[in-house]
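*Asks:* Taken in order, these protein sequences are the chains called A and B.
The working numbering numbers the first residue of the first sequence as 40 and each following residue consecutively.
The working numbering numbers the first residue of the second sequence as 22 and each following residue consecutively.
Worth flagging that the hints you see were computed from the coordinates, not collected in a lab.
Beta carbons are placed, not taken as given, at the ideal position from N, Cα and C, and that holds for glycine.
Not one of these hints is a red herring.
Across the chosen pairs, the derived CB separations fall in these ranges:
1) B:79 with A:71: 36 to 44 angstroms
2) A:189 with B:148: 22 to 30 angstroms
3) B:79 with A:72: 29 to 37 angstroms
4) B:159 with A:174: 46 to 54 angstroms
Over 10 angstroms on every C-beta distance to chain B, these chain A residues come out as not near it, computed from the model:
5) 44
6) 47
7) 174
So the chains spell out like this:
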Amino acid sequence: MSSETTPTVEVQGYELALDRGYEPATHIWALVVSPDRVRLGMDPLGVETGGALAQLALVPVGTDVRRGEPLGSVEAEKFVGPLRAPISGTVVAQNSAAVADPGLVHRDPLGAGWLVDLAPSDLDAERALLIEGAEQVVPWFEHKIAEYRLKGVLAE
Amino acid sequence: MPVPDTLRVIDFGRADALRSQTLWHAVAHGVSAGEPPTLSFVRPAEPYVCIGYHRRLEEVDLDVCRARGLPVLRRMVGGGPVYLDDGQLFFQIALPVAAVSPNRARALRELLAPAVEAFRSVGIPAQLDTDLELVVGDQKVCGHGAGQIEDAVVVVGNLIETFDHDTAAAVLAVPRPEARVELERLMRRYVVATPGDADAFRDAATRAYATGLGLRPARGSLSAFERERLSELDRQFGDPEWVRGPERPAPDVWQAKVRAGVWVLAAEHAGTAVVAGVARGRIEHAVVTDADLNGATPGVEQALVGRRLDDVASVLGDFGAPGERIAAALARADGSRL
Chain A
40 MSSETTPTVE VQGYELALDR GYEPATHIWA LVVSPDRVRL GMDPLGVETG GALAQLALVP
100 VGTDVRRGEP LGSVEAEKFV GPLRAPISGT VVAQNSAAVA DPGLVHRDPL GAGWLVDLAP
160 SDLDAERALL IEGAEQVVPW FEHKIAEYRL KGVLAE
Chain B
22 MPVPDTLRVI DFGRADALRS QTLWHAVAHG VSAGEPPTLS FVRPAEPYVC IGYHRRLEEV
82 DLDVCRARGL PVLRRMVGGG PVYLDDGQLF FQIALPVAAV SPNRARALRE LLAPAVEAFR
142 SVGIPAQLDT DLELVVGDQK VCGHGAGQIE DAVVVVGNLI ETFDHDTAAA VLAVPRPEAR
202 VELERLMRRY VVATPGDADA FRDAATRAYA TGLGLRPARG SLSAFERERL SELDRQFGDP
262 EWVRGPERPA PDVWQAKVRA GVWVLAAEHA GTAVVAGVAR GRIEHAVVTD ADLNGATPGV
322 EQALVGRRLD DVASVLGDFG APGERIAAAL ARADGSRL
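Only chain A is shown next, with the shape it has when bound in the complex:
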C-alpha cells in the first residue's frame, strides 16, 4: 500500500496514488521525490496483467536510460518482458528488496514494490506526457479497465 499520507483514489477496486504520473502505454508510474530524484514503479494494471512475477532484473545504478528504453525486465509464466522508462535519466538507486523478492511488486506496487530511482534529465518535458491528477487518472484507468475487460485481458 502507499503511505497513509499519500492521496489515493480507488478505481473499480484498484487503488491508485494521485501524487504521481502514469505512463499509459507501459503502466509504469513516476513519482517526483525531489527535483533531482524520480521514483518509478509498476501500476496495478501492469502488475495484474503481468502475472505473478518470478524474476525481476533492473539496470545497474549509474546507467543512463532514455524514455522508452528498458530500465529492466520481468518474468512471469516463463514470459520475459521489458520495463520501459517513462522518464529519461540516470539510475541512482534500485530496489534490491524487490529484485530479491519480486512478489513485493505484486503485494505493494505503489509503495515498497518500487523499481528504481532516477536523476531525471528532461523532467519537465517528459512529465507532461504522463497522466496526472484525479481528473485525468480516473477516466484513463476506467477506460483501460473497460478496454481490458472487453478484450478478455482482465477477468470480469
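Add chain B to chain A, keeping to what the hints say.
*Replies:* Same frame as chain A, but now just chain B:
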C-alpha cells in the same frame, strides 16, 4: 498496429548450437521492425545447454558441460536451464507485440493453443493444463518459453522426439548428489518424449498457427535486416559476458523445476540437510541427513511424504531436535520463483 495477412514460415532445418538460438532471435528483431508474423522451425545439430534470460549461470554444472563438450548459451526468453539436442524439433512463433494480449497468461494460452492442435494432429493427445504446460496426462511433452524482444513477442516450444533424462539432469548444478538423483527421478516421471512424425508436426503447426491467427502461410527466408541482426546476435550470444548474465541474488534454498508444480529442493539448517521432490505442493520423496536421527531417518523421510511444505511441523514434532531442524530447513523453501 494491423497484423499483416501473411504468416511467414521459415524452416531453418538443422543448425549448430549458436545458430539454433540466434536464427529465431533475429526473426523476432525482424518482426519487431515490420516483417510479418513468422513461424520458424529449427533442430539443433549438436547438443548444448541453454539458460533462460534471468537465470543464474550457477544453475548450470559448467564442469559437466565442459567434460561432455556441451556449449552453454543464454536465450532472451524465460524459463530455466535446459538441455537440447537433435532429438528435439523447436518451433517459434513471433508476432508484433500489439497483436498479443497484454495479459501474459492469456497470451501464452492463445499462442500455445495451435501447438496443442499440432501435437494432436500427429497423434499425441496433448492439452494445455492450468499451469500452462503442454502435457499428456500429468507429463510434460513440450518445453516452452516466451519473451518480448523489442516490439515482437516470441513463444518457443519443442516436439520432444527423444529425451535424454540422464544428461538433462547431469547438466544442472546441484548442492548434493541426492538432489541430482531426485531430479532425474522426477524428470523420468514427469517429462516424456512423444515421438511424432516431425514433418507432419511442422505441417500441422503451420496450418494450426495460420488458422489460429487468421493468416495465410507463405514460405519465407530471412530479410537483409535479419541477416544483419543475425551476425550481431552471433557475436552477442557468443560473448562470455552475455552468457554469464547480470549478477543475480542467490536463492536462500537451492531449487530446480522439472515442470510447473514439480520441483526439487535441497535445504540445510544447523547441520541438517533435506532433499525433497515436491509435486503439486506435496512432498513426493525426501532424503534427510542428520547425525542425531540415528535409526529414525527412514521414519522421518516417510513421515514427510504426502505432506505440504507448510504442514510439515505437525509430523516432525515427533522427532525432537532433528525434526525441528528439518522443519526450519524446509521453511525457507519457496517454489513460487521457479
